[in-house]
Amino acid sequence: MLETLGYTTVEGSRKDHEITVYALSTCGFCKRALAFLDSNGFAYRYIYMDRIPLETKTEVKKILKDRYKEDVAFPFAVIDGQDHLVGFIEPDWKKTLGLAGS
Amino acid sequence: MAEKTGEQTGGFAAMVAKKQGWKVNPEADFTSMLVEGLTVNWNRYGYYLCPCRDSEGSREADADLVCPCKYSWEDIAEYGHCYCALYLSPGFAESGRSPSGIPDRRFRKA
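Going line by line, the protein sequences match chains A and B.
Just so you know, the first sequence maps onto residues 1 to 102 in the working numbering.
Just so you know, the second sequence maps onto residues 1 to 110 in the working numbering.
Here chain A stands alone, though its shape is the one from the complex (with noise of 0.2 Å):
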């Protein structure tokens, strides 16, 4: 069902994670995390969960919530389908996508 959605594509250089972000269009961190993936250059995919319908939504976040044993805030995002993160720290992407120390 999540592959249904209809991602906004964004390139970049880097490839090394496969990262897709769930995130609200009015969200001041979401697009503070959206803005770190464009600064260090990774290709990622996204997704306005305020701009699909209720329903859709609902099933989404149930969907992400049961595989990932996390209440869905945002910005939620998943990383190779495996690690997940919630909310926007810095420090804590940077460890997951391997940009400790830069």
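Some hints could be false.
Said to hold, decoys possible - Straight-line C-alpha distance at most 25 Å; calculated BS3-like pairs for lysine-lysine: (1) K4(B) to K31(A); (2) K31(A) to K95(A); (3) K70(B) to K19(B); (4) K31(A) to K70(B).
Honestly, the hints are just simulated from the structure, not real lab data.
Start from chain A and add chain B according to the hints.
Frame of chain A, contents of chain B only:
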């Protein structure tokens, strides 16, 4: 319900901050995004849903997330800023630090 402009929402945020003894985040670009997000939410839902929270589909379900959200007071006391970082404690504002993401207290287990 009449639509709000960004200017009106900015006035609302300033009024809330003044009443509560908080400061509006001085990072102009970031705060502008939040004010725009709040404005979108008012014009979309009819109430100022926190720009960093997702609507559960009704005003009743979102009641604790209407700006200033129910968790603002505790978050500002603990972290120096609210969840979306629109409002800061005076001390945090004076420190010059930039807010970072914090856990959503809504999900905190009692």
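Index of numbered hints that the structure contradicts, given in increasing order
none
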